[in-house]
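Novice: The lines below spell out each chain.
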Amino acid sequence: KAGVTQTPRYLIKTRGQQVTLSCSPISGHRSVSWYQQTPGQGLQFLFEYFSETQRNKGNFPGRFSGRQFSNSRSEMNVSTLELGDSALYLCASSSPEAGGFLQETQYFGPGTRLLVL
Amino acid sequence: SQQGEEDPQALSIQEGENATMNCSYKTSINNLQWYRQNSGRGLVHLILIRSNEREKHSGRLRVTLDTSKKSSSLLITASRAADTASYFCATARSGNTPLVFGKGTRLSVIA
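Residue numbers (my numbering), protein chains in the order written: chain A, 2 to 118; chain B, 102 to 212.
Just so you know, these hints were derived from the structure itself, not from any lab.
Mixed in with the good hints there might be a few duds.
What the hints assert, rightly or not - One-sided and incomplete, this derived list gives chain A residues near chain B with beta-carbon spacing under 8 Å: (1) 2; (2) 57; (3) 106.
All values reported here derive from a predicted model rather than from experimental measurement.
Built from N, CA and C at the ideal position, the CB exists for glycine as well.
So here's chain A without its partners, still in its complex pose (with noise of 0.2 Å):
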């Protein structure tokens, strides 16, 4: 099976734009996290969705926001983009032998990396 793909790979904005990252889960996989990595702070959960709908959420603000489709593929948006926001953009899937539960194994895609200058 091919792994989780995310696009694009990297992505350079200014202040006050949005931006939009996709995902594609593992195909059969339901849930689709993402996380954003920085230096300072680590890896942090933003959302979880399954079939659809948001699961779980993170301590992030509301310009982060995501959605995902019947295919169970996920965007993610953010609006408003501050300097704060470069960071490493993770999602990852989890299978459906594991409950597509979020404490199971997770399968990560290679990342989106936003630069906001």
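We have chain A already, so just place chain B on it with the hints.
Specialist: Then chain B, alone, in the frame of chain A:
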């Protein structure tokens, strides 16, 4: 907030030596997982150990879990230059709650 804290933050060893990384956490867990991340790329799952397990092996990896001390260790035996990466522990609590990652140990294996 980080639940898992890895120790040391950075580790440099010669090829062929063993590398040991430790992880401490604060609350009760369902399982603990270790992941590897090569520079600026996605995380790769290495091993998952459940709260009722004490030790697990996978190839050159050995993970131990001591729930009484709320700590885990990852041992990589006979390290190779390709093992150079950052290693993260992640704790999972009960219920469908997200993994909480530590800040990682940066391992450098020198050929």
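Novice: Now, for every hint given, state plainly whether the structure supports it.
Specialist: Each hint tested on the structure:
1. 2: 15 Å, violated
2. 57: 6 Å, holds
3. 106: 5 Å, holds
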